[in-house]
Amino acid sequence: PAPLPRARLVSRTQVSQRPGLDLDAIDPQAVALIDRPLRCPLLGGVPGMATIIVDRPGRIRVATSAASRQLLVLAESYHEGWQARCDGQERPVVRVYGDFLGCPVEPGRHLVEFRFRPRSLVLGWRLSALAALLMAAWLVLGLRHRAAASPRRLILLLAGRLWRPDPSSAPSTPRSPGRRLPQERGR
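Going by this note's numbering, 170 is the number at position 170 of the sequence shown; the sequence numbering is gapless.
Be careful, since some hints might not be right.
Pairwise CB distance ranges (calculated) [to be verified]:
id	residue 1	residue 2	range
1	A75	Q14	16 to 26 Å
2	G98	R119	20 to 30 Å
3	A25	L134	49 to 59 Å
4	M135	R6	13 to 23 Å
5	S120	P37	22 to 32 Å
These are computed hints drawn from the structure, not numbers from a lab.
All values reported here derive from a predicted model rather than from experimental measurement.
Ideal placement from N, C-alpha and C gives every residue a C-beta, glycine not left out.
Based on the provided sequences and hints, a complete structural model is requested.
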């Protein structure tokens, strides 16, 4: 048999929990095996046209034209992170043949866009944004605290210098090597 197009429309579906076994019992050009029933069943008819317009990692856009409600089948690996929009409206993503993407489309001309947004990616973005906000807050609060404390610290430092003699201003006594000063002898 000839390979099937990467994007195509089918007008008949069959629910299957064992697509690998059930594939031999159907004509894959006419019938799509899906993992659960569609909300609105397909009514049959001649399959419409599907053309891929954009095919980038994580984003696939397909133009469709059909005379009846049909299922767009896209030969792209199914994953829970795929989302579909048809003319800007959110649509369910269906697992087709056990490993491909599907999306029901209504009669007429439509633009269907698949985007890959796994929960782990969204969670990672949110955690990164939270970490950046916390770091910014920590930096701002730290600078604010320093600015508020700096006059006081300056006064305390100056006061400490006035009450304690500066060790560098004490007269130095020349020492010979090996000779200890009187204050060092008791140690």
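These are the hints, each one checked on the structure:
no.	hint	verdict
1	A75 to Q14: 16 to 26 Å	18 Å, holds
2	G98 to R119: 20 to 30 Å	22 Å, holds
3	A25 to L134: 49 to 59 Å	57 Å, holds
4	M135 to R6: 13 to 23 Å	44 Å, violated
5	S120 to P37: 22 to 32 Å	29 Å, holds
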